[in-house]
Amino acid sequence: MRIISIFICAFSLLSVSVFSQTKTEEKKQDSIKWKYTPNFTVGVDVLNLGTGFFSDRQMIQGFISTRINKKVHAIIDIGYDNNIYQKNGYDAKADGLFAKIGGFYMLSTDPENALNGFYAGGKLAGSFYNQEYKAIPVKGLNSEGVFLSFDPSTQSSYWIEAMLGARVQVFSSNFFIDVNVQPRYLAYTTKQEEIKPMIVPGFGKSSGSFNMGFSWNIAYKF
Amino acid sequence: MKNLIWIFGFLLLLTSCGSDDDICLGEESTPRLLLKFRNDSNNLVTTVDTLYVDVDYGKDTIRNIIYSANVDSVFIPMRIDESPYTDIYFRTRRNQTRSKVRINYEKNAIYVSPACGFKINYDNLNAELLESNAVQSIQTNNTSLTDENNINFYLRF
Numbered sequence: 008m009r010i011i012s013i014f015i016c017a018f019s020l021l022s023v024s025v026f027s028q029t030k031t032e033e034k035k036q037d038s039i040k041w042k043y044t045p046n047f048t049v050g051v052d053v054l055n056l057g058t059g060f061f062s063d064r065q066m067i068q069g070f071i072s073t074r075i076n077k078k079v080h081a082i083i084d085i086g087y088d089n090n091i092y093q094k095n096g097y098d099a100k101a102d103g104l105f106a107k108i109g110g111f112y113m114l115s116t117d118p119e120n121a122l123n124g125f126y127a128g129g130k131l132a133g134s135f136y137n138q139e140y141k142a143i144p145v146k147g148l149n150s151e152g153v154f155l156s157f158d159p160s161t162q163s164s165y166w167i168e169a170m171l172g173a174r175v176q177v178f179s180s181n182f183f184i185d186v187n188v189q190p191r192y193l194a195y196t197t198k199q200e201e202i203k204p205m206i207v208p209g210f211g212k213s214s215g216s217f218n219m220g221f222s223w224n225i226a227y228k229f
Numbered sequence: 058m059k060n061l062i063w064i065f066g067f068l069l070l071l072t073s074c075g076s077d078d079d080i081c082l083g084e085e086s087t088p089r090l091l092l093k094f095r096n097d098s099n100n101l102v103t104t105v106d107t108l109y110v111d112v113d114y115g116k117d118t119i120r121n122i123i124y125s126a127n128v129d130s131v132f133i134p135m136r137i138d139e140s141p142y143t144d145i146y147f148r149t150r151r152n153q154t155r156s157k158v159r160i161n162y163e164k165n166a167i168y169v170s171p172a173c174g175f176k177i178n179y180d181n182l183n184a185e186l187l188e189s190n191a192v193q194s195i196q197t198n199n200t201s202l203t204d205e206n207n208i209n210f211y212l213r214f
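These protein sequences, in sequence, are chains A and B. Every position in the first sequence, counted from 1, becomes a number in the numbering used here once 7 is added. Every position in the second sequence, counted from 1, becomes a number in the numbering used here once 57 is added.
None of these hints come from the bench; they were simulated from the model. All residues carry an ideal CB built from backbone N, CA and C; glycine is no exception. Any given hint could turn out to be false.
As the list claims (entries may be wrong) - Straight-line distance between alpha carbons at most 27 angstroms, and here's what the computed DSSO-like set of lysine-lysine pairs gives: (1) A/Lys198 <-> A/Lys100; (2) A/Lys212 <-> A/Lys100; (3) B/Lys157 <-> A/Lys94; (4) A/Lys141 <-> A/Lys77; (5) A/Lys203 <-> B/Lys164; (6) A/Lys42 <-> A/Lys77; (7) B/Lys157 <-> A/Lys141; (8) A/Lys141 <-> B/Lys164; (9) A/Lys100 <-> A/Lys203; (10) A/Lys228 <-> A/Lys94; (11) B/Lys93 <-> B/Lys157; (12) B/Lys164 <-> A/Lys94; (13) A/Lys42 <-> A/Lys141; (14) A/Lys141 <-> A/Lys94; (15) A/Lys94 <-> A/Lys198; (16) B/Lys164 <-> A/Lys198; (17) A/Lys141 <-> A/Lys228; (18) A/Lys42 <-> A/Lys228.
Said to hold, decoys possible - Covered stretches of chain A (in silico footprint by chain B; criterion: 3 or more residues with CB under 8 angstroms from a CB of chain B, positions within the stretch not fixed): (19) 53-64; (20) 144-151.
Said to hold, decoys possible - Selected chain A positions facing chain B (in silico; Cβ < 8 angstroms): (21) Val186; (22) Glu201; (23) Ser214; (24) Lys228.
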């Protein structure tokens with residue numbers, strides 16, 4: 008846990024230094040009339056990729072976004088998550104693919120570069136995964152250490168998430184750094200034997216319906 | 058910009074009030090067997106002046122779970138593991154030979170919540186008096202155990 012915190016801290020410090028440098032960059036003015044031309048930004052979440060080396064959760068996720076008018080961008084996320092849950096007598100494991108689709112609105116942009124700035128948006132997300140509950144505790148007085156186990160099964164979960172973040176160009180290159188947080192709410196999940204899933208790939212810990220995600224992406228604009 | 062901080066703060070607050078998966082409240086646990094007592098001679102509900110209850114939970118030793126005076130009823134937690142029965146021992150004096158009662162049942166595992174996991178409900182309860190001494194006989198009252206509101210058996214002393 009400590010290593011993860013240090014890792015996240017190092018990432019944050021790095022992002023501060025990048026922010027400060029880009030302020031001085033001279034950028035072309037965006038034309039007043041915006042016309043859609045095919046444009047894509049592809050990003051990879053390096054923070055979660057990195058923390059995967061130190062924690063039980065391995066998550067790879069990336070996004071493709073396109074600017075559809077002056078301030079609105081559409082975005083699709085795709086990822087793979089492999090996670091375990093071992094706590095309070097539970098021993099569970101889940102792995103699978105997830106996808107999100109949504110859009111975001113540039114709340115405030117750098118006057119010199121319309122692609123830099125803060126944004127807010129929303130996404131609909133779904134996850135299709137394999138889960139295995141090797142142990143679920145049975146509660147009874149004077150009887151500790153009694154568990155039930157279940158066969159692996161395929162399940163799916165759906166959630167909505169908000170998205171708040173910032174995107175900033177790295178010097179004058181086509182690379183961007185995109186940092187965002189995703190408060191999310193689990194709307195629907197299929198269940199095995201009525202068991203509420205403890206972890207959902209892409210969502211995280213799901214014993215409560217609310218969760219918060221954090222991602223730190225390096226993106227490239229085509 | 059200030060608004061952004063407020064929105065962010067609010068959302069952070071929202072995510073932090075999700076239910077905790079650590080706390081399981083007692084009433085959502087496996088229900089206990091409820092026993093009352095009757096006088097063997099006149100079949101009236103009675104109290105027992107001293108009662109020791111020991112239960113075999115499948116461990117190395119039999120566990121004493123109740124030792125009290127002037128009891129009119131007892132709640133006994135039964136086994137929740139694979140065993141199809143629970144052996145319960147009763148005596149009214151410390152050095153008395155124990156009466157052995159075997160409760161047979163069918164178990165149903167019922168999912169409660171992420172914090173509690175599963176609980177067990179028992180059906181088709183059936184009591185056998187394997188060794189009588191203090192307990193003379195057993196009367197069946199309710200053969201299903203899904204909550205702690207019904208008396209399951211009367212022990213006749």
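Is the straight-line distance between the alpha-carbon of lysine 157 of chain B and that of lysine 94 of chain A 27 angstroms or less?
Outside the cut-off at roughly 38 angstroms; violated.
Chain B covers the region 53-64 of chain A, three or more CB atoms within 8 angstroms, holds or violated:
Since three or more residues must qualify, the claim that chain B covers the region 53-64 of chain A is violated, with 0 doing so at under 8 angstroms.
Mind checking the alpha carbons of lysine 141 of chain A and lysine 164 of chain B for me, to see if they're no more than 27 angstroms apart?
holds (20 angstroms)
Check whether the Cα positions of lysine 100 of chain A and lysine 203 of chain A lie no farther apart than 27 angstroms.
With Cα atoms ~13 angstroms apart, lysine 100 of chain A and lysine 203 of chain A stay inside 27 angstroms; holds.
Check the hint pairing lysine 93 of chain B with lysine 157 of chain B against an upper bound of 27 angstroms on the C-alpha distance.
Status holds; Cα separation ~16 angstroms.
Hint validation: serine 214 of chain A versus chain B, beta carbon distance must be below 8 angstroms. Holds or violated?
holds (4 angstroms)
Hinted pair, alpha-carbon criterion (27 angstroms max): lysine 198 of chain A, lysine 100 of chain A. Please report holds or violated.
Roughly 14 angstroms between the alpha carbons, so the hint for lysine 198 of chain A and lysine 100 of chain A holds.
Checking C-beta pairs, does the region 144-151 of chain A have three or more residues closer than 8 angstroms to chain B?
holds (count 7)
When you check the alpha-carbon spacing of lysine 164 of chain B and lysine 198 of chain A, does it fall within 27 angstroms?
Satisfied, since the Cα-Cα distance of roughly 22 angstroms is no more than 27 angstroms.
Is the shortest C-beta separation between lysine 228 of chain A and chain B less than 8 angstroms?
Since chain B brings no Cβ nearer than about 24 angstroms to lysine 228 of chain A, farther than 8 angstroms, the hint is violated.
Hint consistency between lysine 141 of chain A and lysine 228 of chain A [alpha-carbon to alpha-carbon, up to 27 angstroms]
Violated, at roughly 44 angstroms.
Does lysine 228 of chain A sit within 27 angstroms of lysine 42 of chain A, going by the straight-line distance between their CA atoms?
The given pair, whose Cα atoms are some 17 angstroms apart, holds under the 27 angstroms limit.
Comparing the model with each numbered hint stated earlier shows that hints 3, 4, 7, 10, 13, 17, 19, 21, 24 do not hold.
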